[in-house]
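Could you slot chain B onto chain V? The hints should help.
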Amino acid sequence: MKARDVFSYSFSAIRLRKLRAGLTTLGVVIGIAAIVALLSITQGLQNTITRQLQTGFATNTLIVSTERGFGGGFGPGAQGGAAAAGSGFKLLVSDAQAINGTLSPEIEMSMAIIQRAGYVKSGETVRTTTIVGVDFTKYANIYTSTFAAESGSIPLSPAADMVVVGKRVSDPWKNGTLLFNVNDPVEIIWTNATTLPPENETYSGHVTAVLREIGGFGLGGPSDSNIYIPISQVQSFFGTDEVNTIVVKLKNDDKATIDSVSKTITDYFSNQVSVTSATAVLNTLSSVFSIIQLFLAGIAAISLLVAGIGIMNIMIVSLMERTREIGILKALGMKSRTVLWVFLCESVIIGLIGAAIGIASGWGLANLVAIVFRGGGGTFIGNQAGTTGGITITPVLTPTVFLGALAFGVGVSVVFALYPAWRASKLKPVEALRYE
Amino acid sequence: MTTIVEAVNLKKTYMLGKVPVDALRGINLRVESGDFLAILGPSGSGKSTLLNLIGALDKPTEGNILIEDVDVSMLGDSQLADLRRRIGFVFQFFNLIPRFTARENVELSMSIAGMSRAERRKHAEDLLETVGLKERMNHKPSELSGGEQQRVAIARALANNPRFLLMDEPTGNIDSRTATEVIGLTKKLNEEKGATIIMVTHDQHLAAETKRTVQMFDGLIIKEIVN
Numbered sequence: 001m002k003a004r005d006v007f008s009y010s011f012s013a014i015r016l017r018k019l020r021a022g023l024t025t026l027g028v029v030i031g032i033a034a035i036v037a038l039l040s041i042t043q044g045l046q047n048t049i050t051r052q053l054q055t056g057f058a059t060n061t062l063i064v065s066t067e068r069g070f071g072g073g074f075g076p077g078a079q080g081g082a083a084a085a086g087s088g089f090k091l092l093v094s095d096a097q098a099i100n101g102t103l104s105p106e107i108e109m110s111m112a113i114i115q116r117a118g119y120v121k122s123g124e125t126v127r128t129t130t131i132v133g134v135d136f137t138k139y140a141n142i143y144t145s146t147f148a149a150e151s152g153s154i155p156l157s158p159a160a161d162m163v164v165v166g167k168r169v170s171d172p173w174k175n176g177t178l179l180f181n182v183n184d185p186v187e188i189i190w191t192n193a194t195t196l197p198p199e200n201e202t203y204s205g206h207v208t209a210v211l212r213e214i215g216g217f218g219l220g221g222p223s224d225s226n227i228y229i230p231i232s233q234v235q236s237f238f239g240t241d242e243v244n245t246i247v248v249k250l251k252n253d254d255k256a257t258i259d260s261v262s263k264t265i266t267d268y269f270s271n272q273v274s275v276t277s278a279t280a281v282l283n284t285l286s287s288v289f290s291i292i293q294l295f296l297a298g299i300a301a302i303s304l305l306v307a308g309i310g311i312m313n314i315m316i317v318s319l320m321e322r323t324r325e326i327g328i329l330k331a332l333g334m335k336s337r338t339v340l341w342v343f344l345c346e347s348v349i350i351g352l353i354g355a356a357i358g359i360a361s362g363w364g365l366a367n368l369v370a371i372v373f374r375g376g377g378g379t380f381i382g383n384q385a386g387t388t389g390g391i392t393i394t395p396v397l398t399p400t401v402f403l404g405a406l407a408f409g410v411g412v413s414v415v416f417a418l419y420p421a422w423r424a425s426k427l428k429p430v431e432a433l434r435y436e
Numbered sequence: 437m438t439t440i441v442e443a444v445n446l447k448k449t450y451m452l453g454k455v456p457v458d459a460l461r462g463i464n465l466r467v468e469s470g471d472f473l474a475i476l477g478p479s480g481s482g483k484s485t486l487l488n489l490i491g492a493l494d495k496p497t498e499g500n501i502l503i504e505d506v507d508v509s510m511l512g513d514s515q516l517a518d519l520r521r522r523i524g525f526v527f528q529f530f531n532l533i534p535r536f537t538a539r540e541n542v543e544l545s546m547s548i549a550g551m552s553r554a555e556r557r558k559h560a561e562d563l564l565e566t567v568g569l570k571e572r573m574n575h576k577p578s579e580l581s582g583g584e585q586q587r588v589a590i591a592r593a594l595a596n597n598p599r600f601l602l603m604d605e606p607t608g609n610i611d612s613r614t615a616t617e618v619i620g621l622t623k624k625l626n627e628e629k630g631a632t633i634i635m636v637t638h639d640q641h642l643a644a645e646t647k648r649t650v651q652m653f654d655g656l657i658i659k660e661i662v663n
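Going down the list, the protein sequences come from chains V and B. Per the numbering used here, residue 1 is the first one in the first sequence, and the count goes up by one each step. Per the numbering used here, residue 437 is the first one in the second sequence, and the count goes up by one each step.
Same shape as in the complex, but just chain V:
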């Protein structure tokens, strides 16, 4: 029997029981839709977060801190003054100068960052922020795209009172009502807890530049909700030389360089610092997402498994109903192999249709979820990032997910049809013909 004839024979059998076939297909549709929706949302979320991280990242940088992991440098939410490690080891501004081309030829430059939680005040309005002391020139060199002014300009040799503010500090309500604009005076406050009782220390600066909106959150990089003042000013304002992090810019971002320089720096500080690479963080994040995806896909796969059992059940019922038909086919000279193909072909058709509809509806569902999130402000990651800016998820249907879902849908259908199909093919013609 020709393949095309097997197909049309199978199709005619499916068409005969539309409702039953429809319900069986629905099982596959739901399973595949769940897989596609979950995977494309997670993929979209991963892309969004990675993209946001990358805006705040420079892949050719290393972050040196006294803390373990990347908590010290991760995000603007990091609290100032929390640098004290258990050993009492401190990184100083002078240490940043020691990390240079002499330590490793792969190092282009390094810079110290001192940051503390504080407030900015304009008239009666007070908002919390993170006060970050940096070398403007070096910082702009490392984070070219993010430490860039939207209005005003970033001074190369800044006066002590010059302040660069993030977009969310300037426009905290996201409605164009600016709290700070270029040339506005700004009162900068931090609470000095080293004295008793703690005292608020204050100085007045003026805004020289407002940063372009970054949207993401970075490792060591600029953030929308921070303010930036010259490193020398922050040293005298906080009365300390102790730095939170040192950002090291490398000449290139390949893994070998990152690893060797990381080791050189750790050795130089006798293992008392931790060195984090932006690239490594991205890699960790992407592997975490892979696990989440696998987990979610696994849950969705269970529903497909249920659909598979449904297919098997229906096929067995169908097999019993069609025993006589199989007897006729065999009496007319159909080979057992062909009977097997007829039944498998039915499941392939159900699987294909189910997977196709499932992919389409899963994709629709993913977009619906994305729209709902957008409408709801989508702040669940935003909060974590400490920014008021929401995130938007754009679901992504990769070719791998598309083809994988298709193959999985068809695969499950075929696997569960194997047993009924095999039983059908093994029927003895005499007995099948006698079956009532």
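Worth flagging that the hints you see were computed from the coordinates, not collected in a lab. Careful, some of the hints might be misleading.
Computed beta-carbon distance windows for the label pairs [what the hints assert, rightly or not]:
(1) Phe11(V) - Asp513(B): 22 to 32 angstroms
(2) Tyr419(V) - Asp513(B): 18 to 28 angstroms
(3) Glu431(V) - Gly462(B): 16 to 26 angstroms
(4) Lys623(B) - Tyr419(V): 41 to 51 angstroms
(5) Tyr419(V) - Ser578(B): 26 to 36 angstroms
(6) Glu555(B) - Ile292(V): 29 to 39 angstroms
(7) Phe11(V) - Ser578(B): 17 to 27 angstroms
(8) Glu431(V) - Lys624(B): 56 to 66 angstroms
(9) Glu431(V) - Phe653(B): 18 to 28 angstroms
(10) Ala554(B) - Thr392(V): 50 to 60 angstroms
(11) Val317(V) - Lys624(B): 40 to 50 angstroms
Everything numeric in this text was worked out from a predicted model, so none of it was measured. Cβ atoms here follow ideal geometry from the backbone N, Cα and C, with glycine treated the same way.
Only chain B this time, still in chain V's reference frame:
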């Protein structure tokens, strides 16, 4: 004349639960090409079992059944299927596929044999014309009378130019007037086209229309009559 079917000391034992039942107890039979043979006997005499063996639907317990000098017992599953394509079956209950039209039912056996779509369509129409059903070829079995259904079944049996036709009580489920039509058609096929026909029946009158009759009883051939 060439021998189409030859049964030698054919025996078939069924297990009915745990009790063995001897359906055939040593049948010797020879069918030449162009023959029109009726196998006559009461129910339980083993005539359907014999028909199943001749039709390669089943294998004997003992003895040999040769179809065109090929021993059926020696054939595998796939070879048996190939052999069945060269045998035209006509069943008592028609055994048409209900969801297919008359033409599609006739086409089915050609489709199983791997004939191309255009070719089998033409051939099916010709066959339905032969059995006088060209006008009703797009009707489904449920829209056809018993006699018409049986004629579709005959057309289907003829589709792959079989070596012989096997008919199992072909008039068992149709009224006597339609039965006469079907028998007329069968006789015409035998006389005009030289088709070899083996027919199982318990109808004496029907058997009288054939060239030769064998009488079965209790798993044995007890009498042979040349009409």
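query = Tell me, which hint numbers fail for this structure?
reply = 6 and 8
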